[in-house]
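In case you want the letters, here they are:
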Amino acid sequence: MSSGTLAAYRPILIAVAAFAALPLAVPLLVGAGLFAGANTFYNLMIFILIITLAAQGWNIAGGYGGQFSFGHAAFFGTGAYAQAVLQTRYGVNAWAALPVAMALGGLVGAVIGLLAFRARLRGSYFALVTLAFAEVFRILANATPITGGAAGTLVPLRIGFGQMQFEAPAAFFYLALAFVAVVLVLNRVLERSRFGAWLVAVRENEDAARALGVDTLAVKLKAITLSAAITAVAGALYTQKFLYVDANIAYGAWISVEALLAPIVGGIGTVFGPLIGAVALIGLGEAAKTAIHAAFGSAVPGVDLVVYGALLIVVIAFAPRGLIGLLKAGGGR
Amino acid sequence: MFRSYPPQIVLEAVLNGLLTGAVYALVALGLTLVYGVLHIINFAHGAMLTLAMFAVLVAHLGFGIDPYLAILPLTPLFFALGYGVQRFVISPASRNDDGAILLVTLGLSIVIENLLLAVFRSDTRALTLDYSFSVVDLGFALLSLPRVIGFGVAILVAAGLWAVLALTDTGKAIRAVAKEKLGASLVGIDVNHIYAVTFGLGAATLAVAACLLMPSFYVNPRVGNAFVLVAFTVVVLGGMGSIAGALVGGLVIGVVESLSGLYLGESLGQIGIFLIFILVLLFRPTGLFGARA
Amino acid sequence: MLAVETLSKRFGGLVAVSDVSLTVPEGSITGLIGPNGAGKTTLFTLISGFQTPSAGRVLFAGEDVTGRTPESLAVLGIARTFQIVQPFAGLTVLENVAVGAYLRHPGRRDAMAHAEAVAERVGLADLGRPASSLTVAGRKRLELARALATGPRLLLLDEVLAGLNPSEIRDIIPVIRAIRDSGVTILMIEHVMQAVMSLCEQVHVLANGRLIAAGTPAEVVSDPQVVEAYLGPGAAGRLQKGAAHG
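Chains as they are written, first to last, in this note's numbering: chain D, 1 to 333; chain C, 1001 to 1293; chain E, 2001 to 2246.
What the hints contain is simulated information worked out from the structure, not anything from laboratory work. A few of these clues could be false.
What the hints assert, rightly or not - Below, a sample of chain C positions facing chain D; criterion: calculated Cβ distance under 7 Å:
# : residue
1 : Ala1093
2 : Ala1100
3 : Asn1114
4 : Ala1118
5 : Phe1232
6 : Phe1274
7 : Val1280
8 : Leu1282
Backbone N, C-alpha and C fix where the C-beta goes; we use that ideal spot for every residue, glycine too.
Sequences and hints are given; from them, build the entire structure.
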């Protein structure tokens, strides 16, 4: 039994170790002309990991629980703003701000979830109401003084471990990787727990679940709270990385879309789906940008997003279980 | 708490709200029609409106066609486009599974919006026409001529759409499919064809809306998003699938937006719409006029 | 174990269940029969908490449980199956049963072991395969296993035999009897009369939302009112005449 338990976590260990070893390959990748320099590489990797984290959050409510949110920006943005505003206005240390940002994101998730699930919204209606909440937050953040209004909030540059700002780009990469690794493990624990089984039962058939004693409202609420808290951490990390937020970054539709695309493309309701999806989406998007840039001699905006949208349609048409489903089918499983 | 305005200014705001509301209603018509028949929310609706607005722009700048005349070629063109998109992209890609349709239309909207961004860049453009700034003087209020025309044509289109559904054979088939898909297919109605026709009609109303909007509005690759969120609100308020509901809902939302803009200022004014949207979804998801599901 | 007192349910003007009273003694297998549209399934949805009655009470082990939610009734010990079987498609057979087992076994290892034991009791094999790949008979057994895994004191079975062939029915009848022998009280809606005759000690007959007869299976099938409810007015008389002539 314990060897079975270990086996369940081995793929996570391997994946995280592989990511952790990536910096060793940087000189090679830069030498081969794939990246302009080490910084380009780290920036891309950190961005991928932040999106992965946001998507891992989405995947808990959306993937395992079947509650398709189109407004995870509400949670990402709350995390991002909390991390920025707590430091700049209240002088809170960055490390101390992070758990608060996470809790606030979770709280927003709980409130939206309570309202939406009590009203028995599901499917398209749930998608719409989450989208609308994110828009309300965006408009409010754009208009209220505490968030810096339309000008946004700038976190002062103060390099130092205590400030969660690092001289070496690899340090932030490892920090983000650590968060992703923790959530990978958390996902596996969830899959093997009562809560996870009940969450999937709710996704598949709420009435059947209730007949088996599952309090579906409580299960969905827990899921959206956890989901929102994780996506809020992604927002907080975004703030720490770029040291700037405004309403269109924090609460913009772009992050709602990325958070939902990555798990769907990678494999919805699976541990590795968000990570694989984020790597594939952002990797392909960057490749498309580079190719178009080379072909036209200048950058063309929107190309990467065209690839995202097309990939979403192609995956739904030909691989409803995502890239993971394809890998498993190819591997003979 | 609120600033008080003279009645004339409030009246003018209400009238302007009605004018805008008619175009909202027109945009919402296609959305509610598709929902009523296919029972899906078309997330690509906003992007298709943007596409239509750029089509009007190109028709005018490239071919010298007046926006109002552009209704003639663009309406059938968009009908065909909508028909094709449903028949050859959405339906095969989603295998008619609800969740998959939702995501495919989201994918379509991302593709369309960003292709427009790649081609036209993010600049905001507007048409300059002789009549862009013409006004109608009602004595007690001044109204923009293009918006008065937009109001009239929008009401006509809504009436026309209602007539198509009520009187023609295709319209009857559409209503049959909306009510009972299986039964309709048993009596020999080609459900996939009807789905595509419905989608085509939705796209055609967008083409008309675009032609009515362009003389007094601007376009950029993201402009559809603003409209589509309003259109969702209209549809939810009017009751999903209800044409009369969309018309009344559009007018109500237009007035609410105009008045909250007056009292709360431009940037916060939009919030009124979203709050209505959220409140209706939470407390009366069948809409103010919809029957209980 | 279960007592239903003057229970009614109206949908608009339509009375689906009208003034129904019945009791299910502890340790019994009690049948609920009646023509299609008689209100049997509606009665089940009222007892299991999926709908609230317009009037009347439901007592479980002496406690008034009217209007409780399905999930809280499951915790108290009332489990139900659905007429239209609803397996969790994304899960394996064992994981499906475990969803029920988790109710009284919060730990994974416990729940899995309990689920395996229950699956074996109802004769489910090949537990690692996806639930969506099961045959109709397999799905019926899964439905039964899931409900049983919640550790109920009262099990409501809604046509678990419908859609099965005679040999499958013959196989599952001893399973149901064994469940009762393990101490679970059973109330079952059933159309397969052969099974009702062989399993039930007591049968209640519902027609047009009203209880029209009750008694042992043998008493009930010879009740003229019951025959008429199934076959139409005057049918009992014609049958008797036919019997007299034959």
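**Asked** Failing hints, ascending?
**Response** When the structure is compared with the hints, only number 7 turns out to be violated.
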